[in-house]
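Make the complex out of the two chains shown on their own, each in a separate frame, by following the hints.
Sequence lines, in order, name chains R and U. Here the first sequence stands for residues -1 to 735, numbered as in this note's numbering. Here the second sequence stands for residues 463 to 715, numbered as in this note's numbering.
Hints were generated in silico from the structure; no laboratory data involved.
Distance condition first, Cα-Cα at most 20 Å in a straight line; then the derived PhoX-like pairs of lysine-lysine: (1) R/LYS336 to U/LYS531; (2) U/LYS610 to R/LYS723; (3) R/LYS417 to U/LYS610; (4) R/LYS202 to R/LYS285; (5) R/LYS723 to R/LYS407; (6) R/LYS407 to R/LYS417; (7) R/LYS417 to U/LYS606; (8) R/LYS452 to R/LYS563; (9) U/LYS574 to U/LYS498; (10) R/LYS202 to R/LYS323; (11) R/LYS213 to R/LYS336; (12) R/LYS323 to R/LYS285.
Chain by chain, the residues:
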Amino acid sequence: MTQAVSAEPPMTPTLVAEHGLSEAEYAIILDRLGRAPNLTELGIFSVMWSEHCSYKSSRRHLAKFPTKGPRVIQGPGENAGVIDIDDGQAAVFKMESHNHPSFIEPYQGAATGVGGIMRDVFTMGARPIALANALRFGSPDHPLTRRLVSGVVAGIGGYGNCVGVPTVCGETNFHPGYNGNILVNAMCVGLADADKIFYARGAKAGSPIVYFGSKTGRDGIHGATMASAEFDESSEEKRPTVQVGDPFVEKLLIEACLELMATDSIEAIQDMGAAGLTSSSVEMAGKEYLGIELDMNKVPVRETGMTPYEMMLSESQERMLAILKPGREAEAEAIMRKWDIDFAVIGRTTDSGRMVLTWNGNVVCDIPVAPLSEDAPNYDRPWVAPPTQNPVTSVDVAPVQDWAATTLKLISCPDGASKRWLWEQYDRHVMADTLEDSATPSDAAIVRIHGTQKALAISCDCTPRYVAANPYEGGKQVVAEAWRNLTATGADPIAITDNLNFGNPQRPEIMGQFVLATDGMAEACRALDFPVVSGNVSLYNETSGQAIPPTPAIGGVGLLRDHTKRVGFGDVRLGDMVILVGTTTDNLGATLALREIWGREDGAPPTVDLVLERRTGDQIRALIQAGHIRTCHDLSDGGLLVAAAEIAMASGTGLALRLPAGLSAEATLLSEDQARYLLIVDPTHADHVFAALEAENIACEPLGTAGGCELAVQDLFAIDIDDLKQAHEGWMPAFMA
Amino acid sequence: MFLLRRLLQDGCTIAARVSVPVFTLAEKPRRGEGMKAAVIIYPGSNCDRDCKVALERSVGADVSMVWHKETTLPEGLDLIVLPGGFSYGDYLRCGAMAALSPVTRAVVDAAKAGVPVLGICNGFQVLCEAGLLPGALLRNASLKYVCKPVALEVTNNDTPFTRAFSEGEDVVMTVGNGEGNYFAEDAVLDALEQENRIAFRYRQEVNGSQRRIAGIVDPTGRIMGLMPHPDRAFEAELGSADGARVFQSLLAA
Chain R
-1 MTQAVSAEPP MTPTLVAEHG LSEAEYAIIL DRLGRAPNLT ELGIFSVMWS
49 EHCSYKSSRR HLAKFPTKGP RVIQGPGENA GVIDIDDGQA AVFKMESHNH
99 PSFIEPYQGA ATGVGGIMRD VFTMGARPIA LANALRFGSP DHPLTRRLVS
149 GVVAGIGGYG NCVGVPTVCG ETNFHPGYNG NILVNAMCVG LADADKIFYA
199 RGAKAGSPIV YFGSKTGRDG IHGATMASAE FDESSEEKRP TVQVGDPFVE
249 KLLIEACLEL MATDSIEAIQ DMGAAGLTSS SVEMAGKEYL GIELDMNKVP
299 VRETGMTPYE MMLSESQERM LAILKPGREA EAEAIMRKWD IDFAVIGRTT
349 DSGRMVLTWN GNVVCDIPVA PLSEDAPNYD RPWVAPPTQN PVTSVDVAPV
399 QDWAATTLKL ISCPDGASKR WLWEQYDRHV MADTLEDSAT PSDAAIVRIH
449 GTQKALAISC DCTPRYVAAN PYEGGKQVVA EAWRNLTATG ADPIAITDNL
499 NFGNPQRPEI MGQFVLATDG MAEACRALDF PVVSGNVSLY NETSGQAIPP
549 TPAIGGVGLL RDHTKRVGFG DVRLGDMVIL VGTTTDNLGA TLALREIWGR
599 EDGAPPTVDL VLERRTGDQI RALIQAGHIR TCHDLSDGGL LVAAAEIAMA
649 SGTGLALRLP AGLSAEATLL SEDQARYLLI VDPTHADHVF AALEAENIAC
699 EPLGTAGGCE LAVQDLFAID IDDLKQAHEG WMPAFMA
Chain U
463 MFLLRRLLQD GCTIAARVSV PVFTLAEKPR RGEGMKAAVI IYPGSNCDRD
513 CKVALERSVG ADVSMVWHKE TTLPEGLDLI VLPGGFSYGD YLRCGAMAAL
563 SPVTRAVVDA AKAGVPVLGI CNGFQVLCEA GLLPGALLRN ASLKYVCKPV
613 ALEVTNNDTP FTRAFSEGED VVMTVGNGEG NYFAEDAVLD ALEQENRIAF
663 RYRQEVNGSQ RRIAGIVDPT GRIMGLMPHP DRAFEAELGS ADGARVFQSL
713 LAA
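The shape of chain U in the complex, shown without the other chains (with noise of 0.2 Å):
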């Protein structure tokens, strides 16, 4: 098993001599917990399909896919996501149209009676342009696409997205966009830090985000934007574990 992890490393490093695999999931996948998931499916969603197994695998969760013409949502949901993609082709702006798909609004109202929201990549765009998290997606630096494996800080562990892992926590999980640039003003960034919003930052400079800001909650916390896959990263043999605890968490919750 070649490992994320290693592949971050730079040079020869005596960890690197001794390493043995890091990446253990910490439980085993705890099942039956009676999770109720939804994740929503716009023309364009492309990760869908890996939300709904990520969820099925770290929490044994039960998943309905939602069509993006649908304007109502299951009952008792524990949990939205919108996936990663490119919703609408990414035209006119990333997540701009899905803003204003007619699944956004019972998104919106879901988010509104409490139920916890989880956008992720193109998520996070969507949940920006739909006013439930403040700021923007911008196009990244390099104004290029990138696809790699990021380091993470778990800035805030007290989040129900984040309760799973340690405050300061070092995780590994990969990101692939091309608008991951997370801009917002500077009262705004201020506020974040100040209201403890942020959830994770990368370690190192990817897309040229402000704060290396990766993951933001709202004032309630129960909607979270986060750039990089945790649904990419939910078992070892993909190379991380650690996204299964952003699910795992909600379960503690």
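Pulled out of the complex, with its shape left as it was, chain R reads as follows (with noise of 0.2 Å):
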């Protein structure tokens, strides 16, 4: 990669192509400065308006999505989304992808992906207290997946483990579409008071800017412009442009932090994420319309020699910037040297509206902050739809012969299998606070909020198979099963953060994929009244031409006021009744199914009824909390099989169950339809539940008892539990040794 020297390279058209910028765009810069860049300039400009940090392909198409409502304080534009969950508390959240570095340097690449969701996160004055994920990998049979796997999962555990903030969900698929990108999505959840939360904007001019954290190094340079292009056969050579994190700083950088904020100190506060320097800068001073002059020669740096134009881009990690009020600089110094922090004032806030940067006693740089953030390139790229797919029903497959052998299949192939190998590396216990997490049987992890009865049920959900077949239906499934599965806890859903990872949005097949997506999404998040609250967009996904299967990755946070009136799908007593609810139908395509057993990937995915799934979830919470249902699990990958075995499994007690009528056995088991759940109900409670359901015409039917230690359905097959275990907890440990 190119570095400045003290020469200034002349700007050469190759020059304006390596930092990631068109013609047009350049010619814009030229008009906007009135002259040409010089190098600084040029790569400030060119992270500033990467995809990663200006949104320039996806902004338009996000603003669809509905981002208010009575809980939320803080919608997209900030660090994270802030939501109201009573008492003057707020949870605060984000998610985030690291997937180019990622699949070029998996420990590191997936640890500063935590870590850096995490600033987000404690930037706005929350202390982090949930972890969670959504993993894809290519082809298990491919070279590079062990690898991938292994790095990715010791680099989230690695990191997180150390912070001491646990992880407590995930989901992870493989597939190869995703064999030349991996998808790292990292979400973070923390807690606040409701009356201090801190933002990036509010700074005023004359302001001192404060730097504090690590030193600057030259690591990560260009990060989001790699990350903002696709990769061939020479992104191995990127590994340079990954960043390499240091946890115990992050762990220290943290509690620095809230001490800080505890002294009413700050004026505004940004982590130095993607870009930097740069982007925390230019963000904090574009909210006010303010400028900047920083004196590039007080920037702590880990190695001498560093020019601006490096400073600048350099996306080292455990950094942070803040405006604080005038006169209290010695009062921050203070508590970063407490915790052993570099800490320096850099520069300061001004009224020019210009980011002015000094060095060596010369100026540098001298732009203009508003195009660099409001001005930046807004594109309306031509999309195409994808074409329309048939369904699939069950006179469409050769019928199942071996109910067993299928059923073992669905719960062993690896998207069905369990993740006990990975998610047994990350700490879910730390903080103390956990109640549900990957280890038990729940729809959603479940965090208690530190001494009281209230917890938040966090869920990350993705069914990138039903967003390729068609992406406005699977992009309002994504919304809905993440509404489903904080419901099936007995939680209330709040709000959701969303990470929309696609491919090349210049190709209009790719952006059709994006448009219709996040069309569907946020026909969803109005339906259900689950407003997006903070989000992330991951473009150029793709590896010689090849993109990933569209995968906009949700993460869903909902409140319980009492947690011990929550259920989860592992408590099953002798005698129980078995009940499906919703309604299912002949349709078979873009399931697991499909896929795992008769090895065909298209048909058109379930649809949604939005009204249908709102009124069945919102009549199955009411039961919940007035504890009328003793175990409760979505219907998802795998239909109604696979919820039966996983709840077989995780009680240790069989299942007795019938086949209704009216539809063959292929489509009751393995269909997809949205809107369904598996109750376990004492039969005490039975006519309740039933009445209930059918008061709300909603569709619900006897399936049969607990008991026994087989999952058993009518004639066709019988499996006992420990047969079910051993293929499920057996592909993974296989896999990976």
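What follows is the structure in structure tokens.
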């Protein structure tokens, strides 16, 4: 990568292209400056106008999302979203990708992804209380997959475990579509006082700009630009653009930051994430139409000889930038010294509206702030809708001959198997408030709000095969599934964060996936009163022209006012009644079974009736909160068959089920129709449950009873729970061995 | 309530079928006994708050948090806890730098004066590095961090930390460590066994520890290192309340 040298290099088209800027974008820079930029200025424009920082391909589409609601304190546009969780408390959360770096350097890429998302949360004044993740890897057969899984998991654990924030849930899928571009999406949830939230906005002119945290090194230079481009055969050479994390410093930084925030000396604060010192300073100034003056000789650096270009573009980790109230510098410095953290006053805000950098007594950059943020390109990229998929029903596939083998296959295939190998490497219990996590049978993780009866429910979801088959319906489904997972614990769903992972937006078919998926998501958010409060877009996830499956991952957060009223899916007692809620149709398109049993990935995915989804979920939640339901599990991948097997494995209690009349066994057991739940109910509550559901015109029927040591379906098959567990637990350790 | 013990079961057993919540706190947490405890905070400690809360909830202790740069401890302590975490980032070796921290000198002095000291997880590593306990904690045999509930045997219930248990009792706590593999020379291990200084053993292989050692005490019994976390198992809501009895044992002392 080009490095600034004392002699300014000439501005050639090659140099501009190396910075990821198009000719048209460069022409705008010339126009706004009225002259050619120097190298430092070019670098600053390039990162601020990168897809990663400017959202130039996605911005107009993100505007579709509903972002307001009675509990929303802060929607998108700040470091993280903030929701009201009663009693003067707020939950602060966001999800963010670290896809490109994790592919190049899995341990550090994933570790710094976790570190970065935590900083977004504590920057707002919140103590991080939970981490979650959504991971996608290539085919298990691909030569890189095991190394990537191993590195990513170690990186997530290595960072989160050390900082001491529990990693409570996640989802992990494998598909050849991710062979060249894995996805590492990390989510962090924090807890704050609702009246003590800190923002990037709020700075005034003439205030000191202070830097604290790790020193600036040469790592991660151009990380944001790298994350905004496709990969090719030379991607390995991009390793130096990956940052290196130090979770020990992050832990100190959290404590020091929260201590500083208690002093009321901060006007605005921003972590140095993507595009480091550049984006943090520009964003704080830009929000208040201020100018910035920075003395680059004051920036704490790790090595000698670093140029302003390198300092402004470095993505060294664990760094914060704050604008203090004038005169509070010494107080802030004392707190940082206590924690042995570097601290420096590196400049001040001005009313000039310009970013002026000085170095060795010379002005090395003097550009207007506004074009960097507010005037960043905003493209309306052309798009086309993907072809419509035909339905696939049970008459289109060969009848299942061996149901026991089919069951075992679905719970032991890479997407269906237990991920114990992976989540046992994550500390899920530190902070001593984790009530449900990856290890326990619950559709969402449950984390107690310290010292209260309240708890947050957290779930990460996306079904990329549905989005690929029909982006609009698939977009609706990702939101609906997160909502349903929270509902199935008894929690009130409140809001989501999203992480939109797609291919190259300059290709109309990829842009079509993006536009339609976000349309579907927006509609679902509206219908379910489930606003988007924060998010991240990751485009250009493709290698040599091969894009990933469209993967808009969702992190949903809900509130349990009394966590003792929650349910999971592991509590089953002898004689309990099994009840299926929701309507099943003969639709096998884009299901897990179609892929794993019949080797096909075609077909129209299940559609989402949002009105029915809402009506069903609201009623299920009310029944749970009133104590009528012992166990609840939503039906998703693998349909009724997998949900029943999961309940049997979790509870150690068998289930004897019958097949309702009217549908084939294949449709009944394997379809993935939405808005469905499997309930385990004490027989004395059954009448009430049926009456409540029927009153709302929600389909429900008794399917059988609990008992014995087998999962048995009519005369089709019976499998011992031990055999189910062995298959379910066996795949991943064998794969990683 | 999904209980940790359920997670440890293999397969479908009659016991599982008829299981009812197994963990009930034997007695109400005792309060007002006036236990005075200190929890040491090294940079990178991350279970310091958990230990404080566990002590307050289990025994109603009055807990002081002591920063690593302190050179003295509060007067009249009944217990010092070195919490879990990654003191000094685990750089050099786990616990090595904490063992040289200013406050650790005060802890060693207090221990010599008879104040009970409990090192949990990283705290156990610090106690070994500080020479208060023999042996060392090596990288797990799996070479991976492991977080899971484990079944423990109370090997010796005649220590200040285990009096509230029965000998041979089965208890459950969670582990969360990358370096929990207890190692010492055979002669040391033999001595630990002969002197009845193994307080807890893992029921099953967890991290490669010699003789399945999960927790040991010094010759006086007043210093214990324990890899599993009693501070994450102090109430049924967390899946196990067995850890509370480690703290309650000190009241019976």
